[in-house]
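As you go down the protein sequences, you meet chains A and B in turn.
Residues 1 to 115 in the numbering used here are what the first sequence lists, from first letter to last.
Residues 1 to 115 in the numbering used here are what the second sequence lists, from first letter to last.
These are computed hints drawn from the structure, not numbers from a lab.
Fair warning: there could be bad hints in the mix.
[Stated by the list, open to error] On the chain A side, residues computed to face chain B include the following (Cβ under 10 Å): (1) SER2; (2) ARG18; (3) GLY42; (4) GLU62.
Cβ atoms here follow ideal geometry from the backbone N, Cα and C, with glycine treated the same way.
Residue strings, one per chain:
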Amino acid sequence: DSGVTQTPKHLITATGQRVTLRCSPRSGDLSVYWYQQSLDQGLQFLIQYYNGEERAKGNILERFSAQQFPDLHSELNLSSLELGDSALYFCASSVEGRGRAETQYFGPGTRLLVL
Amino acid sequence: AQTVTQSQPEMSVQEAETVTLSCTYDTSENNYYLFWYKQPPSRQMILVIRQEAYKQQNATENRFSVNFQKAAKSFSLKISDSQLGDTAMYFCAFQSGGGADGLTFGKGTHLIIQP
Numbered sequence: 001d002s003g004v005t006q007t008p009k010h011l012i013t014a015t016g017q018r019v020t021l022r023c024s025p026r027s028g029d030l031s032v033y034w035y036q037q038s039l040d041q042g043l044q045f046l047i048q049y050y051n052g053e054e055r056a057k058g059n060i061l062e063r064f065s066a067q068q069f070p071d072l073h074s075e076l077n078l079s080s081l082e083l084g085d086s087a088l089y090f091c092a093s094s095v096e097g098r099g100r101a102e103t104q105y106f107g108p109g110t111r112l113l114v115l
Numbered sequence: 001a002q003t004v005t006q007s008q009p010e011m012s013v014q015e016a017e018t019v020t021l022s023c024t025y026d027t028s029e030n031n032y033y034l035f036w037y038k039q040p041p042s043r044q045m046i047l048v049i050r051q052e053a054y055k056q057q058n059a060t061e062n063r064f065s066v067n068f069q070k071a072a073k074s075f076s077l078k079i080s081d082s083q084l085g086d087t088a089m090y091f092c093a094f095q096s097g098g099g100a101d102g103l104t105f106g107k108g109t110h111l112i113i114q115p
């Protein structure tokens, strides 16, 4: 158990819909990262938040957005869903992530299926 | 942009044997970190080992060790006395030293330990 929690574990929805994935980082971690794992694209970095602020952006689509709240939990919002958005979405957290690369610890992931 | 290449899609060895997984990367940075993550059938991402580029000494964690060749941009993982529980996907990952970025992953190597 990494200490990172993600809800829900599974999500089934239809094309065009919007979903929210939630992540709680390890106690004391300030940075949260979101990743997408799909058969086509492999593991891709989407976005990073550090202490409530967006820190880095990866291959995140405009239909996707994220935020980190004052209690440091994070949400990833996916809208106008397409079949190709079906994937395993991971959240990871690290202690710092600002000025030094700390080890990222991954949550169990949310498996999203878009029908 | 960084790239990470794992040239072995799948490997199979007998239990108790030693196996080496290959990883090469491309970057123009001098300060960075390299990781190996393991993803068993449960899909959980588990950190195996971490290497700081500024450290010449190769990292070791019990049965796991790396051969880090900075000039050649090579970062291989050696698993000694392999066990059935080592069966998993293994991902090599790169992160910039500043911490303001996510991990860049290779496509993975599926390692199968045969009894």
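If you check each hint against the structure, which ones fail? Those not satisfied are hints 2 and 4.
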